[in-house]
Amino acid sequence: MGNRIEGLGEVQVDNVDSSSHVSEAGRFILPDGVNISKEARSAISRAASVFVLYATSCANNFAMKGKRKTLNAGDVLSAMEEMEFQRFVAPLKESLEVYRREQKGKKEARKDKDKKADSEEQDKSREEENDDDDERMEEEEQNDEEEVDN
Amino acid sequence: SGGENRLVSLPLSRIRVIMKSSPEVSSINQDALFLTAKATELFVQYLATYSYKHGRGKEKNALTYSDLSHTAEECETFQFLADILPKKILASKYLKMLEKEKRDGEVGEDNEEDEEEEDEDEAVDEDVGS
Numbered sequence: 001m002g003n004r005i006e007g008l009g010e011v012q013v014d015n016v017d018s019s020s021h022v023s024e025a026g027r028f029i030l031p032d033g034v035n036i037s038k039e040a041r042s043a044i045s046r047a048a049s050v051f052v053l054y055a056t057s058c059a060n061n062f063a064m065k066g067k068r069k070t071l072n073a074g075d076v077l078s079a080m081e082e083m084e085f086q087r088f089v090a091p092l093k094e095s096l097e098v099y100r101r102e103q104k105g106k107k108e109a110r111k112d113k114d115k116k117a118d119s120e121e122q123d124k125s126r127e128e129e130n131d132d133d134d135e136r137m138e139e140e141e142q143n144d145e146e147e148v149d150n
Numbered sequence: 151s152g153g154e155n156r157l158v159s160l161p162l163s164r165i166r167v168i169m170k171s172s173p174e175v176s177s178i179n180q181d182a183l184f185l186t187a188k189a190t191e192l193f194v195q196y197l198a199t200y201s202y203k204h205g206r207g208k209e210k211n212a213l214t215y216s217d218l219s220h221t222a223e224e225c226e227t228f229q230f231l232a233d234i235l236p237k238k239i240l241a242s243k244y245l246k247m248l249e250k251e252k253r254d255g256e257v258g259e260d261n262e263e264d265e266e267e268e269d270e271d272e273a274v275d276e277d278v279g280s
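The listed protein sequences correspond, in order, to chains S and Y.
Numbering-wise (the numbering used here), the first sequence opens with residue 1 and increments by one.
Numbering-wise (the numbering used here), the second sequence opens with residue 151 and increments by one.
Chain Y extracted, bound-state conformation (with noise of 0.2 Å):
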């Protein structure tokens, strides 16, 4: 039937399409799937509620991406969304983020060397004194 009142909102043949591809499942009884449907439209509306009051986009009016990925780093009902969920960074920071890196390697580097070469002139010094 239609869209008119219906018990739950997201589709039913969707949400067993998903489970289905969960290869340690082999059947699911009609009332668990209608279970599992209404169950994520609740938690599609728990985290929209929760990322918008606890996020900044609502300086806005909005609910925007940052606020939802915040939410899955600080809370941690959420936390097995924080991959998918990754906080964003622009380019440039990331530019510097990675030089900075290849900087402290370097220098690392060095000291290694600067270890090896004081090696070499003790065994230098004990050949001469024997």
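So that you can see chain S by itself, here it is in the shape it has in the complex (with noise of 0.2 Å):
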């Protein structure tokens, strides 16, 4: 069951024993039932919004320091503990692993694919890449963007 907070999406809250306020994965949840008024939902949204940019300009300035024009990971693991969000940091590193085995995993998939769509007659290949054509662009524009920092 997930709440949707306007302008970002579903965020999801588990069900968990409403004494303690933390779920077996760790996470903050509100307890089950909870009814956050619309008005609450937009200052989260809004909330954010500012946070969002909040952690990218002190992520940035760490990047400044290192002398490096792109953000990456440790740029905004540091940020998190200049803001004082230490406690955000253990579980972000736990994910990023996961992000990266999948997206190493969703890479190795797509060579294969494509060496498939070589071997076979033009049309068929062309179908198929067309359908994938929505979830590749993302993840195009994405390694594009890998490619660079390398």
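Everything labelled a hint here was simulated from the structure, so no lab data went into it.
Built from N, CA and C at the ideal position, the CB exists for glycine as well.
Treat the hints loosely; a few may be bogus.
[Said to hold, decoys possible] Listed next, with one range per pair, are the computed distances between beta-carbon atoms:
1) Lys93/S - Glu209/Y: 36 to 46 Å
2) Glu224/Y - Ser42/S: 12 to 22 Å
3) Arg110/S - Lys237/Y: 24 to 34 Å
4) Gly33/S - Pro236/Y: 21 to 31 Å
5) Pro91/S - Lys250/Y: 46 to 56 Å
6) Glu39/S - Ser171/Y: 19 to 29 Å
7) Glu120/S - Ser177/Y: 29 to 39 Å
8) Pro91/S - Pro173/Y: 29 to 39 Å
9) Leu162/Y - Ser57/S: 55 to 65 Å
10) Thr227/Y - Ser37/S: 20 to 30 Å
11) Arg156/Y - Lys38/S: 52 to 62 Å
12) Pro91/S - Gln229/Y: 18 to 28 Å
[As the list claims (entries may be wrong)] Heads up, simulated EDC-like pairs for lysine to aspartate or glutamate below, C-alpha to C-alpha not over 16 Å straight-line:
13) Lys65/S - Glu226/Y
14) Lys238/Y - Glu224/Y
15) Lys208/Y - Asp32/S
16) Lys203/Y - Glu174/Y
17) Lys238/Y - Asp32/S
18) Lys93/S - Glu81/S
19) Lys203/Y - Glu81/S
[Stated by the list, open to error] So, partial list: chain Y residues that the calculated Cβ filter (under 7 Å) puts toward chain S:
20) Val167
21) Ser176
22) Lys188
23) Cys225
24) Gln229
25) Tyr244
Join the two chains, each given in its own frame, into one complex according to the hints.
This is the structure in structure tokens:
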């Protein structure tokens, strides 16, 4: 069950024992059935945007200190400490591990798929590429950025 | 891919738009984008649960704007939100505040005028004296 926050999308709300506010996964959650007013949702959405800007600005300072033009993972983690959100650092590192593994898996899956497409008739391979276009477009953008950094 | 079992619930594209709106930022590596999105998710959860725990909304099993605004004002960690989550007061209270300020201002002006009159009297006396 999720809670929609305007402008940001779904924010997962876990089911958990309501005496503590921490789920088994260590995430902060609201107890089951709590009503978030419309005004509160809108405020949370704005707060999140401000957080992103603050975090980005802070991370950018670290990048500049390191004489780099591209923000990297370390910059964001340093920013969290600077902003006094040290509690986020450990769960962020864990999530990053999983994310990197996922991305690596996707990349390899695409390489195999490309090889397969090349070996089939041209018409058929064009069809497959069109279906995946939407999913792949964002990934390709992401990969472009990665390549620039390397 | 779809929404099932996603690693982060906020859309990366939206987060990226906000990050890019920052003028000093030139480019963002993919890991940094992911971490910022994930951190924002943690932040939203933290803000919501903290506000709920310390606020009065829970008396009615709700999280209210007032709870959030209170957090921004009282808790140092969230003080950077104070400007965008201002406290709300009733319009009638605000109007009363304005009136009071105006009255206080007028009393001050009267005092200044009294002082000026005294000075003029003294000047007149001196002239008469010589």
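These are the hints, each one checked on the structure:
1. Lys93/S - Glu209/Y: 36 to 46 Å: holds, 38 Å
2. Glu224/Y - Ser42/S: 12 to 22 Å: 21 Å Cβ-Cβ, so the 12 to 22 Å window holds.
3. Arg110/S - Lys237/Y: 24 to 34 Å: Once the Cβ atoms are compared, 52 Å apart, the range 24 to 34 Å for Lys237/Y and Arg110/S is violated.
4. Gly33/S - Pro236/Y: 21 to 31 Å: Between Gly33/S and Pro236/Y, where Cβ atoms are some 29 Å apart, the hint holds.
5. Pro91/S - Lys250/Y: 46 to 56 Å: holds, 49 Å
6. Glu39/S - Ser171/Y: 19 to 29 Å: Since the Cβ atoms of Glu39/S and Ser171/Y sit about 25 Å apart, the hinted range of 19 to 29 Å holds.
7. Glu120/S - Ser177/Y: 29 to 39 Å: This hint holds: roughly 36 Å between Cβ atoms.
8. Pro91/S - Pro173/Y: 29 to 39 Å: Taking Cβ atoms as reference, Pro91/S and Pro173/Y lie about 30 Å apart, which means the hint holds.
9. Leu162/Y - Ser57/S: 55 to 65 Å: violated, 19 Å
10. Thr227/Y - Ser37/S: 20 to 30 Å: holds, 23 Å
11. Arg156/Y - Lys38/S: 52 to 62 Å: violated, 25 Å
12. Pro91/S - Gln229/Y: 18 to 28 Å: holds, 23 Å
13. Lys65/S - Glu226/Y: violated, 26 Å
14. Lys238/Y - Glu224/Y: Given that 16 Å is the threshold and the Cα spacing comes to 15 Å, the pair holds.
15. Lys208/Y - Asp32/S: holds, 12 Å
16. Lys203/Y - Glu174/Y: Violated. Lys203/Y to Glu174/Y sits at ~37 Å, over the 16 Å cutoff.
17. Lys238/Y - Asp32/S: Cα-Cα ~28 Å, so violated.
18. Lys93/S - Glu81/S: Cα-Cα ~13 Å, so holds.
19. Lys203/Y - Glu81/S: Violated: Lys203/Y and Glu81/S sit about 24 Å apart, past 16 Å.
20. Val167: Not OK, violated: Val167/Y not within 7 Å of chain S, min 9 Å.
21. Ser176: With Cβ-Cβ at 5 Å, under 7 Å, it holds.
22. Lys188: holds, 5 Å
23. Cys225: violated, 11 Å
24. Gln229: Violated: closest Cβ of chain S sits about 10 Å from Gln229/Y, beyond 7 Å.
25. Tyr244: Cβ of Tyr244/Y sits 18 Å from chain S, so the hint is violated.
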